[in-house]
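Asks: Here is how the chains run, residue by residue.
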Amino acid sequence: MKKIVVVGYGPAAHRLVEALLQRGFDGRITVIGEEPRPAYDRVALTSYLSGVSAEDLSYPVPEQAVVRLGSRVTGIDRQARVVTVEGGAREPYDVLVLATGSAPFVPPVPGAEHAYVYRTIDDLDAIRLAAKEAADGVVVGGGLLGLEAADALRSLGLRTHIVEMSPWLMPRQVDEGGGSVLKAHIEELGLSVHAGAGVQEIVTDDKGQVAGLRKPDGTIIDAQVVVFSAGIRPRDELARASGLEVGERGGIVVDSAMRTSDPDIYAIGECALSGGMIYGLVGPCFTMAEVAADRILGGGAGFEGADMSTKLKLLGVEVAQFGAMTGALDVTYMDPVAGVYKRLFISDDAQTLLGGICVGDASPYTSLRSFVGKPLPAPPSDLLFTGGGAQLELPDDAQVCSCNNVSAGAVRSAIADHGCADVPGIKACTRAGTTCGSCVPMLKQLLEKSGVEVSKNLCEHFAYSRAELFDIVRVRGITTFSELIAAHGDGRGCDICKPAVASILASLHNGHVLDGEMATLQDTNDRFLANIQKNGTYSVVPRIPGGEITPDKLIVIGEVARDFGLYTKITGGQRIDLFGASVDQLPEIWRRLVDAGFESGHAYGKALRTVKSCVGSTWCRYGVQDSVGLAIELELRYRGLRSPHKLKSAVSGCARECAEARSKDFGIIATEQGWNLYVGGNGGFKPRHADLLAGDLSTEELLRTIDRFLMFYIRTADRLQRTAAWVESLDGGLDYLRSVIIDDSLGICADLDAHMSQHVATYQDEWRATLEDPEKLSRFVSFVNAPGVPDPSIVFATERGQIKPVVLS
Amino acid sequence: MSWVNVCGYQVLQPERGVCALVDGRQVALFRTHDGVVHALGNQDPFSGAYVLSRGIVGTRKGEPTVASPLHKQVFSLVTGHCLDEPAVTVPVYQVRLDGELVQVAVSV
Ligand SMILES: Cc1cc2nc3c(=O)[nH]c(=O)nc-3n(C[C@H](O)[C@H](O)[C@H](O)COP(=O)(O)OP(=O)(O)OC[C@H]3O[C@@H](n4cnc5c(N)ncnc54)[C@H](O)[C@@H]3O)c2cc1C
Ligand code: SF4
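Sequence lines, in order, name chains A and B. Number 380 in our numbering belongs to position 380 of the first sequence; there are no gaps in the numbering. Number 75 in our numbering belongs to position 75 of the second sequence; there are no gaps in the numbering.
Please keep in mind that the hints were generated in silico from the structure rather than gathered at the bench. One or more of the hints may lead you astray.
[To be verified] Result set (DSSO-like, lysine-lysine): computed pairs, CA atoms no more than 30 Å apart in a straight line:
#1 A/K427 / A/K686
#2 B/K72 / A/K776
#3 B/K61 / A/K569
#4 A/K804 / B/K72
#5 B/K72 / B/K61
#6 A/K776 / A/K553
#7 A/K444 / A/K456
#8 A/K534 / B/K72
#9 A/K569 / A/K444
#10 A/K456 / B/K72
#11 A/K569 / A/K427
#12 A/K553 / A/K534
#13 B/K72 / A/K646
#14 B/K72 / A/K686
#15 A/K456 / B/K61
#16 A/K569 / A/K776
[Said to hold, decoys possible] Here are some chain B residues pointing at chain A (derived, C-beta under 7 Å):
#17 V18
#18 H33
#19 G48
Heads up, the beta-carbon is just placed ideally off N, CA and C, and yes, glycines get one too.
Construct the entire structure; sequences and hints are all you get.
Replies: So this is what it looks like as structure tokens:
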């Protein structure tokens with residue numbers, strides 16, 4: 001059995017192990033990584049500072065591999081084919097793969113030992129800690145990673161400076177013109193740019209604390225935090241020490257099979273020097289991993305270089321570069337007022353696209369990157385103005401996803417031959433769009449052009465999606481199902497469209513769900529305001545806002561359960577469920593509950609269920625805010641709100657998150673300054689952690705943001721689409737959501753606010769209203785011709801001292 | 001054939017089923033939008049629970065239907081056939097109006 005040892009556990013190593021296992025390798029794989037955690041998505045590192053956890057960033061650890069974390073390899077004995085690990089352990093190999101990545105370059109200036117670097121989660125923890133005590137920060141390096149680090153310092157609340165040696169920012173990606181537009185953008189955000197400047201020393205005060213950075217001209221930039229991001233150096237020290245060939249300026253020399261000068265040793269990722277190049281992007285690192293896996297298992301794959309195009313959004317500015325950065329001809333579009341700079345490079349015969357640079361608007365990148373080296377698809381000026389638009393026909397061999405090296409042809413085949421009908425389908429089938437996501441718009445275009453008609457029709461009765469029906473009902477002022485189906489549908493509806501329309505009508509008008517024709521649209525749960533169980537009985541859940549209840553009320557629930565012989569269970573939502581009620585019993589049970597001050601918990605509805613809470617700052621020694629108080633306020637505000645699917649929420653009183661708020665549709669976690677709002681979480685079949693939508697909100701801001709989030713969801717989601725799937729389906733994701741509900745980019749916020757105010761003002765308890773209405777009450781009978789006769793099919797047995805249903809067949 | 005009085009026609013709200021106990025059998029009664037009354041056995045054959053009268057009434061390709069409230073299988077109100085699983089059926093009973101009175105016959 002072959003033994004493969006992998007040194008380093010970053011993205012490249014992870015991909016290698018995955019590729020080996022996928023190709024059926026069944027020998028032993030040992031991965032030895034220096035960091036204390038499994039490989040994680042370094043590309044998304046910065047999101048760690050905005051609340052994404054280390055676990056969320058981590059790749060899954062394959063069960064079939066032996067993984068040693070927090071272990072540094074210190075030597076390779078090529079003769080004996082053994083590596084030594086710090087502490088003395090030895091690991092024999094048949095094949096060794098070096099995936100040691102690179103380290104930030106720290107220039108040897110006095111005081112450099114006090115500076116930070118920006119590469120690992122541990123680095124970020126250290127920077128975050130230092131930023132707490134600081135007011136100003138400097139980043140040395142104005143390249144891609146430097147700007148990202150500067151953005152991070154800014155988000156930590158520091159006044160931030162950027163020092164760049166070259167005369168303009170991002171010299172590797174943009175030319176001077178692009179650099180000047182970029183600089184204007186960044187300065188507008190309040191960052192200071194010092195281009196064409198170097199570092200003389202890091203200055204410390206008499207206590208040895210960092211006080212600033214001295215430039216060669218002697219001037220000092222005051223700062224308590226200094227981060228170096230001035231380039232990377234491949235980590236080739238192991239290879240060097242064991243006599244493998246390394247490049248003059250670093251990097252482990254490999255051939256196109258990713259083999260080093262020792263045929264049993266491979267090198268992949270950022271530590272490898274291939275064709276004289278170090279590839280500092282994750283896409284090529286993945287390709288190298290795939291090639292090495294193939295070769296180790298006897299295949300013939302080769303690495304022939306890679307597209308180094310980049311597109312990123314830094315500090316809110318889109319910057320992109322693709323193909324060559326020079327050409328015989330070029331066409332430039334510059335609008336300093338709007339902050340847009342676009343330039344295309346073209347061959348001397350004006351026929352072939354060579355490359356391009358964009359600042360402020362990256363649309364040409366998306367549409368044109370695949371045309372590099374190919375005939376221009378349209379006159380260059382059109383391409384610059386419109387970004388090429390959606391009309392361009394991509395050749396099959398054009399690369400669509402550079403992170404995972406997927407061509408337009410492969411995507412087309414996924415659609416045509418494998419039946420992929422949406423973006424998630426294509427992602428699963430081809431991996432395209434799963435890493436940086438910048439090609440997702442192209443995937444959409446390819447789908448649209450393929451003619452795949454994704455039917456969004458609700459059912460055979462309505463040729464509209466739920467969101468379209470919502471608009472029809474709202475704009476036309478429709479108030480009944482019969483009116484709607486007569487004018488805009490066919491037939492008499494079904495179990496799909498009727499509850500959906502009932503929910504839309506309830507969201508818009510907030511009438512009683514059992515009024516008139518409304519009653520006939522409801523699922524049995526809404527029809528009896530209770531949850532049907534397997535034997536046709538129902539369960540009853542009174543609302544217990546925030547999970548807070550007085551002993552007296554608790555006793556009432558106990559008495560009701562005892563008197564009606566109901567099976568009693570505590571739910572996951574911090575309330576109590578009483579099972580086994582027949583429809584005849586429901587009004588009697590509720591009369592007792594309503595008299596004692598309870599109201600419907602809407603456990604039966606596609607509506608707000610509960611707002612869970614931890615005990616919070618009132619009792620807990622760690623709490624920083626009153627989580628129970630907020631949970632009650634939220635639950636009372638949104639109770640009865642009908643929505644496309646059920647809504648769950650929770651509030652935690654501090655970052656320890658005892659209420660599990662991030663598994664909820666909207667979850668709130670207290671901070672020292674206010675509240676962090678997370679949206680789109682889900683437990684259940686497909687668990688998903690909620691994403692941070694906005695941080696450090698006051699209670700007023702929080703309510704406003706949740707109001708709009710919920711109303712926008714209610715208006716635009718599909719039927720039975722939880723917020724998790726809805727957030728994922730939004731074109732433009734969370735940024736888009738923020739632009740709509742925080743920046744009001746669609747101009748609908750006033751409308752959303754008014755809609756929620758109307759809901760809050762017109763809420764009524766459905767059960768109290770039902771008890772007061774004899775017509776509604778008359779429906780709660782088992783038999784229309786024998787009211788009061790119990791349903792003989794309902795039979796119970798006893799288990800652990802309580803009833804359980806017996807279904808007669 | 002014996003007809004049993006069940007309820008007044010006005011008690012039947014369009015597209016909202018009720019259940020009647022007729023000679024010891026549970027009969028689900030539905031008045032469709034066009035005013036016709038249908039009667040099926042109330043037991044859902046998939047779950048064994050007596051719940052069909054509480055399902056949502058509608059149409060499938062023009063045929064009047066009810067969907068089981070437990071797992072949503074759809075039954076024809078005319079033939080009693082399950083339209084999602086044709087091998088499964090529920091009994092269909094005869095109904096008629098005697099003036100304002102709805103009458104059902106369960107015996108053959
Ligand atoms: C902030 C940031 C943003 C980025 N953004 C982008 C982006 O937008 N797009 C893009 O394409 N790329 C981006 N990158 C680059 C991308 O992260 C790298 O290309 C990628 O991580 C390279 O993967 P790797 O596995 O080769 O190396 P690494 O990720 O560096 O992993 C190597 C691992 O090996 C370990 N190691 C080294 N030596 C030893 C040893 N002797 N023993 C044990 N373990 C060892 C290291 O500790 C490290 O964990 C970004 C990088 C950073 C830091
Ligand atoms: S989340 Fe914080 S405040 Fe709430 S119970 Fe846990 S530790 Fe206490």
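Asks: Each hint needs a verdict: does it hold in this structure or not?
Replies: Consistency of the hints with the structure:
Pair hint A/K427 plus A/K686 holds up; C-alpha atoms about 17 Å apart against a cutoff of 30 Å. For the suggested pair B/K72 and A/K776, the alpha carbons sit about 25 Å apart, so the restraint of at most 30 Å is met. Of the pairs offered as hints, the one joining B/K61 and A/K569 is violated, with about 43 Å between alpha carbons and a cut-off of 30 Å exceeded. The hinted pair formed by A/K804 and B/K72 meets the criterion: a straight-line CA distance of about 24 Å does not exceed 30 Å.
For the proposed pair B/K72 and B/K61, the alpha carbon gap of about 17 Å is at most 30 Å, so the pair holds. Restraint check for A/K776 and A/K553: satisfied, since their Cα atoms lie roughly 27 Å apart, inside the 30 Å limit. With a CA separation close to 16 Å, the supplied pair A/K444 and A/K456 stays within the 30 Å bound. Proximity of A/K534 to B/K72 is assessed by CA-CA distance (about 13 Å); at most 30 Å being required, the pair is judged to hold.
Proposed proximity of A/K569 and A/K444 is contradicted: the alpha carbons are some 47 Å apart, above 30 Å. Distance check on the hinted pair: A/K456 and B/K72 sit about 21 Å apart at the alpha-carbon level, within 30 Å; holds. A distance of roughly 42 Å separates the Cα atoms of A/K569 and A/K427; the hinted pair therefore is violated under the 30 Å criterion. A hinted pair counts as satisfied when its Cα atoms are at most 30 Å apart, and A/K553 with A/K534 qualifies at roughly 29 Å.
Distance restraint check for B/K72 and A/K646: the Cα-Cα separation of roughly 19 Å lies within the 30 Å cut-off, and the hinted pair is therefore satisfied. The straight-line distance between the Cα atoms of B/K72 and A/K686 is roughly 23 Å, inside the 30 Å bound, and the hint therefore holds. Under the criterion of a C-alpha separation no larger than 30 Å, the hint pairing A/K456 with B/K61 is consistent with the structure, at around 19 Å. With a CA separation close to 28 Å, the supplied pair A/K569 and A/K776 stays within the 30 Å bound.
Hint status for B/V18 relative to chain A: holds, with the closest Cβ pair at about 4 Å, below 7 Å. With 7 Å as the threshold, the beta carbon of B/H33 comes within range of chain A, its nearest partner Cβ sitting at about 5 Å, so the hint holds. The beta carbon of B/G48 is positioned within 7 Å of a beta carbon in chain A (closest approach about 4 Å), and the interface hint is therefore held.
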